[in-house]
Amino acid sequence: MNSHRPHSSSFRDPSGYIFIENDEVKRVINPIYFKQYEALKSSGFYDFLIKNALLVPHKEIASSEDQIVLKAERIPFITYPYEWSFNMYKEAALLTLKLQKIALEEGFSLKDATAFNVTFFKGKAIFIDTLSFDFYEENTPWRAYKQFVMHFLGPLLLAKHYGNESLGFLKQFIDGVPLHMVSKMLPFHTKFNPTVLTNIHLLAKSEAKYHEESRSEAKRATLSKKGLLNIVESLYGFIKNLKLKEASEWGDYYDKINYSGVAFDHKATVINEWIASLKPENLIDVGGNDGTFVRKLKFAPKQSLVCDVDNNAIDFNYSQIKRYKETSIIPFVLDVLQPSPAIGLNNKERQSFLDRITTFKPNVTMALALIHHMSITGNVPFSMSAEFFAQFSENLIIEFPKRNDSWVERLLKSKVDFEAHFGFYNQENFENAYLNLFNLVERVPIEDSNRIIYFLKRK
Amino acid sequence: MMYFLYFDPGLGAMIIQTIIAAVAGFILFSKNLMYKIKLFLGLAKPQEDDIFDDLDLEDKSKDQPE
Numbered sequence: 092m093n094s095h096r097p098h099s100s101s102f103r104d105p106s107g108y109i110f111i112e113n114d115e116v117k118r119v120i121n122p123i124y125f126k127q128y129e130a131l132k133s134s135g136f137y138d139f140l141i142k143n144a145l146l147v148p149h150k151e152i153a154s155s156e157d158q159i160v161l162k163a164e165r166i167p168f169i170t171y172p173y174e175w176s177f178n179m180y181k182e183a184a185l186l187t188l189k190l191q192k193i194a195l196e197e198g199f200s201l202k203d204a205t206a207f208n209v210t211f212f213k214g215k216a217i218f219i220d221t222l223s224f225d226f227y228e229e230n231t232p233w234r235a236y237k238q239f240v241m242h243f244l245g246p247l248l249l250a251k252h253y254g255n256e257s258l259g260f261l262k263q264f265i266d267g268v269p270l271h272m273v274s275k276m277l278p279f280h281t282k283f284n285p286t287v288l289t290n291i292h293l294l295a296k297s298e299a300k301y302h303e304e305s306r307s308e309a310k311r312a313t314l315s316k317k318g319l320l321n322i323v324e325s326l327y328g329f330i331k332n333l334k335l336k337e338a339s340e341w342g343d344y345y346d347k348i349n350y351s352g353v354a355f356d357h358k359a360t361v362i363n364e365w366i367a368s369l370k371p372e373n374l375i376d377v378g379g380n381d382g383t384f385v386r387k388l389k390f391a392p393k394q395s396l397v398c399d400v401d402n403n404a405i406d407f408n409y410s411q412i413k414r415y416k417e418t419s420i421i422p423f424v425l426d427v428l429q430p431s432p433a434i435g436l437n438n439k440e441r442q443s444f445l446d447r448i449t450t451f452k453p454n455v456t457m458a459l460a461l462i463h464h465m466s467i468t469g470n471v472p473f474s475m476s477a478e479f480f481a482q483f484s485e486n487l488i489i490e491f492p493k494r495n496d497s498w499v500e501r502l503l504k505s506k507v508d509f510e511a512h513f514g515f516y517n518q519e520n521f522e523n524a525y526l527n528l529f530n531l532v533e534r535v536p537i538e539d540s541n542r543i544i545y546f547l548k549r550k
Numbered sequence: 147m148m149y150f151l152y153f154d155p156g157l158g159a160m161i162i163q164t165i166i167a168a169v170a171g172f173i174l175f176s177k178n179l180m181y182k183i184k185l186f187l188g189l190a191k192p193q194e195d196d197i198f199d200d201l202d203l204e205d206k207s208k209d210q211p212e
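Going line by line, the protein sequences match chains A and B. According to our numbering, the stretch in the first sequence is residues 92 to 550, in order. According to our numbering, the stretch in the second sequence is residues 147 to 212, in order.
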């Protein structure tokens, strides 16, 4: 029997673990889960979920008395809950409920409901923990119910009332947002909504009440399957109809910024030429907004990542993906000045953005209309932003708005007396810093604008 | 059935589910009733353009040849 080092995120569930071997994702199943696995396999449950693109596909590649080994389809880039936009978060929650319903109908039940069991691939949410299913036992409540509320319903409700920044809470609470906190934070009037009253406020109260009592009491709790299905169905309807309070109007971003049609078209033509010469398998557009530019590419890479600090832009990107059933873009929320950290046990359970993106190895990085925000808003010296990009970018397509660009002027003005400090912000200093780490392939001033676009190759 | 759960399901959360389920049942029942009344009175709104599916899955595997 081979023993492998489990992946750093795979240690909680005794049923098995994930390991990476030759760039392939494999999953070991321990004997303790054999019965469940065989039932899930022979009943056609796994096949059904995989065919309906609800569960990451796997193949059994080895089986012995000690372990069964599966090979899972590799998802090139895993996004975490705190990187999802509001509607992405909703879809992940709905997927989890949908799986629980299907499971219940087939005599199984989700034994956990963490949001980290879901990620996005090929334009939709997909469940990635193959071993999360257990047998359903008649008249037992859903053991993962509280976890579902802490991971999904809580953050979604907080986002609805206080804005989508609340979706970042799982960065702080890897095991879900504490119920008493959600209950206290939500406005008083939410107590008049029967779904929120029961699933949040009453639940938090009940948890506080029974906190000290012995576990054996749990045997007392019974619930019919019909009751359980009612909970699942009503949560599904409630979450499906959740909407952000803040206006999430989006759509004509490129009309709002200081771009003339000529400049935009020229920029697109130049980038298209470069991309066509590179024929990248994959790329990342950092600060890529709603994905407009990636969609402008005539050569479409197999996998594109589009990240932006603006949750609304990501949400708009995501709704376009859904509407047009696009499969090659993974959108996610990212602040380059504060990229997702590594969290959890040993600081390794959930990987940092940099870890994931260096593994992903994008052939091309695009950073359009970003450097002035990093340099002026974020006070990041050119040498340090160059270092940031050089860590993961083989080819870098970066746009530099000159000092006389209206947007740069506006950002500089906002610095008031501090403006003199930004004397460094000019083309010469930019080139000096970036050409330390990259070779210049081509540099093109964008017509009808005060911007230059660079094609750089890492040294 | 795996009793050795690796996280705490919460005793309070287990017990209260009976009540939550009863309320959920009532919500579903009244929603359904309201919908039927609206339908009868011709007030039912047409489905909005929605990016999310319903809970019940349309089995896509049946469309594909094996």
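Just to be clear, a hint being listed does not mean it is correct.
[Unchecked claim] A few chain A positions that, by computed beta-carbon distances, are all more than 10 Å from chain B:
hint, residue
1, His95
2, Arg103
3, Ile169
4, Asp203
5, Gln238
6, Glu256
7, Lys296
8, His302
9, Tyr350
10, Asp356
11, Ala460
12, Val471
13, Leu502
14, Lys506
[Said to hold, decoys possible] Which bits of chain B does chain A cover? Going by a derived footprint, with three or more residues having C-beta under 8 Å, they are:
hint, segment
15, 159–170
16, 179–187
Please keep in mind that the hints were generated in silico from the structure rather than gathered at the bench. These numbers were taken from a predicted model, which means no experiment stands behind them. Note that CB positions come from ideal geometry on N, CA and C, so glycine has one too.
ask   = Beyond 10 Å from chain B, beta-carbon-wise, is A/Asp356?
value = For A/Asp356, whose nearest Cβ neighbour in chain B is about 30 Å away, the distance exceeds 10 Å, so it holds.
ask   = Is the Cβ of A/Leu502 more than 10 Å away from each Cβ in chain B?
value = Non-interface label on A/Leu502 holds, nearest chain B Cβ at 35 Å vs cutoff 10 Å.
task = Please settle this one: A/Ala460 was flagged as non-interface, so is its CB more than 10 Å from every CB on chain B?
result = 28 Å, holds
query = Would the least Cβ to Cβ distance between A/His302 and chain B come out above 10 Å?
reply = 7 Å, violated
query = Would you say A/Ile169 is clear of chain B, with no C-beta pair closer than or equal to 10 Å?
reply = 21 Å, holds
query = A/Arg103 clear of chain B by more than 10 Å, beta carbon to beta carbon?
reply = 5 Å, violated
key: Separation of A/Lys506 from chain B, once the least beta-carbon distance is taken, above 10 Å   = About 41 Å separates A/Lys506 from the closest Cβ of chain B, which puts it past 10 Å; holds.
key: Minimum Cβ distance from A/Val471 to chain B greater than 10 Å, as the annotation requires   = Correct as stated: the minimum Cβ-Cβ distance to chain B is 36 Å, above 10 Å.
ask   = Taking 10 Å as the cut and beta carbons as the points, is A/Glu256 off the interface with chain B?
value = Check passes; 22 Å lies beyond 10 Å.
ask   = Okay, the segment 179–187 of chain B and chain A, do three or more residues pass the C-beta test at under 8 Å?
value = Per the Cβ count (0), the hint is violated.
message = Minimum C-beta separation from A/Tyr350 to chain B exceeding 10 Å: can you confirm that?
response = Nearest chain B Cβ is 29 Å from A/Tyr350, so the label holds.
query = If you look at each residue in the segment 159–170 of chain B, do at least three have a Cβ nearer than 8 Å to any Cβ of chain A?
reply = holds (count 12)
In the structure shown, a violation is registered for the earlier hints numbered 2, 4, 5, 7, 8 and 16, in ascending order.
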